[in-house]
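Visitor: Letter by letter, the chains look like this.
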Amino acid sequence: MILIKVKCFSQVKYALGVDELSLRLDDNSTINDLEKIIREKAGNKLKNVSLRIALNQKYLTEDIILREGDEVVFIPPVQGG
Amino acid sequence: MVIVEIINNPIQSFNLNNNDNQNGAELVFNGRVRGTENGKPIKYLEYEQYEGMAEAELTKIANKVCKIFSVNDLFCRHRIGKVKTGDISLHVLILSKHRKEAIEAMDWFILELKKHVPIWKWAILNNGTKIPSDCIH
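Those sequence lines, one after another, are chains A and B.
Going by the numbering used here, the first residue of the first sequence is number 1, and it counts up by one from there.
Going by the numbering used here, the first residue of the second sequence is number 1001, and it counts up by one from there.
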């Protein structure tokens, strides 16, 4: 098992009702596995929300295996300005 | 030169050097908080950032602007936290030899900011309800 951290912002925070989650995942779990878990936890609230992924503060464009201590953010459409 | 700051206080303009004789154009953009969200009046917006990554992305985009367009300096302050309607949430100053590149660079910078910088708005309605803004303009 590995322990990872998910930080929540905007619509993800609104859907899950928390700023942050610590999750224990099976070894060799991937980002896509984690996204499924997060979407399931959110019920229908993230159904139509596109999410980009940041792993350890950098955008990620492909599925990869998570490691112990990783920090993941599912990024809803950004709104700076 | 690039200066990028994400701050929690009211935005002050950058001080310019009046002896600068390299830049013929000084272009300033101020983004202000409107009083409505989807037609509903709001009390204020609350901006949140993914700390660390937001400033890193903003700096990356600002440096890219200076490479792609012939601009000499880009200074940017983005406010987070509660911002009252009418207050400035984004202040950008671009200096370049001529106006054309500054205007093009400003538009590109703001478009990229709105695509990639992990900053979000929450709208606080007049009845106190706090909801994620769905404004992406």
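Worth double-checking, as some hints may not be accurate.
As the list claims (entries may be wrong) - Facing chain B, from chain A, some residues (calculated, C-beta under 10 Å):
{"no.": "1", "residue": "Gly-43"}
{"no.": "2", "residue": "Tyr-59"}
{"no.": "3", "residue": "Pro-76"}
Unchecked claim - Dumping the calculated BS3-like pairs for lysine-lysine here, alpha-carbon to alpha-carbon at most 25 Å:
{"no.": "4", "chain 1": "B", "residue 1": "Lys-1084", "chain 2": "A", "residue 2": "Lys-58"}
{"no.": "5", "chain 1": "A", "residue 1": "Lys-13", "chain 2": "A", "residue 2": "Lys-41"}
{"no.": "6", "chain 1": "B", "residue 1": "Lys-1043", "chain 2": "B", "residue 2": "Lys-1114"}
{"no.": "7", "chain 1": "A", "residue 1": "Lys-58", "chain 2": "B", "residue 2": "Lys-1114"}
{"no.": "8", "chain 1": "A", "residue 1": "Lys-13", "chain 2": "B", "residue 2": "Lys-1067"}
{"no.": "9", "chain 1": "B", "residue 1": "Lys-1100", "chain 2": "B", "residue 2": "Lys-1084"}
{"no.": "10", "chain 1": "B", "residue 1": "Lys-1043", "chain 2": "A", "residue 2": "Lys-58"}
{"no.": "11", "chain 1": "B", "residue 1": "Lys-1084", "chain 2": "A", "residue 2": "Lys-13"}
{"no.": "12", "chain 1": "A", "residue 1": "Lys-45", "chain 2": "B", "residue 2": "Lys-1115"}
To be verified - The following residues of chain B were derived to be distant from chain A, with all beta-carbon distances above 10 Å:
{"no.": "13", "residue": "Gly-1024"}
{"no.": "14", "residue": "Met-1053"}
{"no.": "15", "residue": "His-1078"}
{"no.": "16", "residue": "Ser-1089"}
{"no.": "17", "residue": "Ile-1110"}
Worth flagging that the hints you see were computed from the coordinates, not collected in a lab.
Ideal placement from N, C-alpha and C gives every residue a C-beta, glycine not left out.
Visitor: Please verify whether B/Lys-1084 and A/Lys-58 have alpha carbons no more than 25 Å apart.
Guide: Violated - the C-alpha atoms of A/Lys-58 and B/Lys-1084 are around 31 Å apart, more than 25 Å.
Visitor: Would you say B/Ser-1089 is clear of chain A, with no C-beta pair closer than or equal to 10 Å?
Guide: With a cut-off of 10 Å, B/Ser-1089 comes too close to chain A, as the shortest Cβ separation is near 7 Å.
Visitor: Could you check if A/Gly-43 really has its C-beta closer than 10 Å to a C-beta on chain B?
Guide: violated (16 Å)
Visitor: Does B/His-1078 clear chain A by more than 10 Å, comparing its Cβ with all Cβ atoms of that chain?
Guide: violated (6 Å)
Visitor: Decide if the proposed pair is consistent with the structure: A/Lys-45 and B/Lys-1115, CA atoms, cutoff 25 Å inclusive.
Guide: holds (22 Å)
Visitor: Given the hint that A/Lys-58 pairs with B/Lys-1114, test it: the Cα-Cα distance must not exceed 25 Å.
Guide: Status holds; Cα separation ~17 Å.
Visitor: Is the straight-line distance between the alpha-carbon of B/Lys-1043 and that of A/Lys-58 25 Å or less?
Guide: violated (33 Å)
Visitor: Does B/Lys-1043 pair with B/Lys-1114 here, judged by a C-alpha cut-off of 25 Å?
Guide: Within the cut-off at roughly 23 Å; holds.
Visitor: Closer than 10 Å between Cβ atoms is the bar; does A/Pro-76 clear it against chain B? Give me holds or violated.
Guide: holds (7 Å)
Visitor: Under the criterion that the straight-line Cα-Cα distance not exceed 25 Å, is the pair B/Lys-1084, A/Lys-13 satisfied?
Guide: holds (22 Å)
Visitor: Once the shortest beta carbon distance from A/Tyr-59 to chain B is found, is it less than 10 Å?
Guide: holds (8 Å)
Visitor: Can the restraint linking B/Lys-1100 and B/Lys-1084 be considered satisfied, given a maximum Cα separation of 25 Å?
Guide: With a Cα-Cα distance of about 33 Å, the restraint between B/Lys-1100 and B/Lys-1084 is violated, given a limit of 25 Å.
When each numbered hint is compared with the structure, violations occur for hints 1, 4, 8, 9, 10, 14, 15, 16, 17.
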